[in-house]
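Chain by chain, the residues:
Protein chains: 2
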Amino acid sequence: MIPLKKVVEEAYNRVLPHVHQTPVFTSRLLNELTGAELFFKCENFQKMGAFKMRGAVNALLQLSEEQKKRGVVTHSSGNFAQAVSLASKNLNIPAYIVMPSNAPQVKKEAVASYGGMITQSLPTLEGRERTAKEIQDKTGATFLHPSNNMEVILGQGTAAIELLKQHPDLNVIVAPVGGGGLLAGTALAAHYYGANCKTFAGEPFAVDDAYRSLKSGRIEYNETTKTLADGLRTHLGDNNFPIIKALVSEIIRVEEEEIIQAMRLQWERLKIIIEASCAVPLAAILREPKHFRNKKVGIILSGGNVDLSNLPF
Amino acid sequence: MIPLKKVVEEAYNRVLPHVHQTPVFTSRLLNELTGAELFFKCENFQKMGAFKMRGAVNALLQLSEEQKKRGVVTHSSGNFAQAVSLASKNLNIPAYIVMPSNAPQVKKEAVASYGGMITQSLPTLEGRERTAKEIQDKTGATFLHPSNNMEVILGQGTAAIELLKQHPDLNVIVAPVGGGGLLAGTALAAHYYGANCKTFAGEPFAVDDAYRSLKSGRIEYNETTKTLADGLRTHLGDNNFPIIKALVSEIIRVEEEEIIQAMRLQWERLKIIIEASCAVPLAAILREPKHFRNKKVGIILSGGNVDLSNLPF
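Chains as they are written, first to last, in my numbering: chain A, 1 to 313; chain B, 314 to 626.
Do not rely on the hints blindly, as some may be mistaken.
From the derived model, a few chain B residues whose C-beta atoms are all more than 10 Å from chain A [stated by the list, open to error]:
| no. | residue |
| --- | --- |
| 1 | 375 |
| 2 | 581 |
| 3 | 600 |
| 4 | 606 |
To give an idea of the chain B side of the interface with chain A (calculated C-beta under 7 Å), a few residues [claimed, not checked]:
| no. | residue |
| --- | --- |
| 5 | 586 |
| 6 | 625 |
| 7 | 626 |
Just a few of them, taken from the derived set where beta-carbon distance is under 10 Å, the chain B residues facing chain A [unchecked claim]:
| no. | residue |
| --- | --- |
| 8 | 342 |
| 9 | 352 |
| 10 | 355 |
| 11 | 358 |
| 12 | 428 |
| 13 | 430 |
| 14 | 478 |
| 15 | 580 |
| 16 | 582 |
| 17 | 585 |
| 18 | 587 |
| 19 | 618 |
| 20 | 619 |
| 21 | 621 |
| 22 | 624 |
In case anyone wonders, no lab produced these hints; they're calculated from the structure. In this text, a Cβ means the ideal position worked out from N, Cα and C, and glycines have one as well.
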């Protein structure tokens, strides 16, 4: 169920030449504010602006030559669509991206600019899945799930491996949790590359499916998706949940107002652009500092693709 | 008139241990857009969020022990006030900061948080100068001019020296010009550390005193200061102007709308927070790309202290 270290290591070596080794930022003021020593792994500076590039690259590199020729298909209106488009372009693989008809124009343009071939679908999950299936049937393209594909999970974990190679003595790593790919990958990295390094997650109260899943022991779902953290609206999957169950210490839930405050604090103090989803780990640390006090804490800053015309402050 | 290389080098070695060695960012998209290869020196990540830290540190370190005891005084409502406050705190020197009574509360708080002792003055240049003079008379503190003090000029130049040590083959460096301290320091760095590296500047049309000064051969002034680039409203001084006259190739003027566009472009593509003043060099490159095409171009990103509640987009 839990991938072997050898498999995790192979993914790291596979992904490394295709992504930016992102910098790690620190802030004296944010350390003082939290009572912890914080290390921010800046995946907002990753290619296409988010860690999703890592998972996309790893999944694409694991395809057979025949599969590469036929291409890949995914449905997403967010960073994974851009990641698959850009990684496919770099590797010369056709990428079919299903986007709901109501996806913002700016996101469609970003996908198109990276070379993704967009097919519009009905704006429901069922509509998206059906359109993706039609493309699979017609083209023979391989479907890539944005968070539950095991190669994607392993790829996302390479950000935390990089962070631990830069700072091997971290006591905790905190990631946001949405579909669970980043969190499962991060937990594997902490497990195999950390020295007793725990994994925590932050999650919005509004979409606390992962928190409830960890409590109940089975995958739970959200009834609404009303959170600013638009990357965290999805639910866990059958590949990433067992890893999360085995290796994640705790999921801390945060209010929307705390997300906005943590986002603004990081913009002002780190002078970097991060998404609302990306602000959730610091919000969790500020909400429950007792877990982190006097510890060395890694934070995965997941992405920086923000609509500057529509800021929450 | 022009400081010797030995003097420039001494300032570099003096400042180095007291400041962050800031990273250099690149962007494939911004390279494609300009036809140049751009290297962004991220002084927005400098201590207190701007290059001004460098000049303040250098000036303070050049004081005698007696002068250090009596402290320093400056008048500023911007980054130099914060820089002198923080550098003085780190070096255990009293810092008297004259701020106009109408300075924004947030700026007063920033100065106070770094330990600067604030005295309010009338909101005119004359009022600020008189209050600073009164403090000098009373305390024996040394007056530090934010852009025309030679030690400040030499300190500001250390950002470009660092950039040239990281990228010795730059063909051009572009800095913004306001009071002229950063531009003069940058030009000295390019002159002594570059291999035929030219210095260009960007300046808002609305406050184009430096452009006109270079044309007329004497220091010109601005009649109004209506630009978003609030760090660039001041005029040149008798120490920095001779350096600028001798070593700066050209000053390119830009419209307010071009500043806003360049600011937004850098926020979106580099995922970093920069001030309006800091966006002027890229605006200049985008306005007159012919000077930069197929060249390696360094850009001094001067600072990232932005009021997020009051963005121009």
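**Q.** Numbers of the earlier hints that this structure fails to satisfy, in rising order
**A.** 2, 6, 9, 12, 13 and 14
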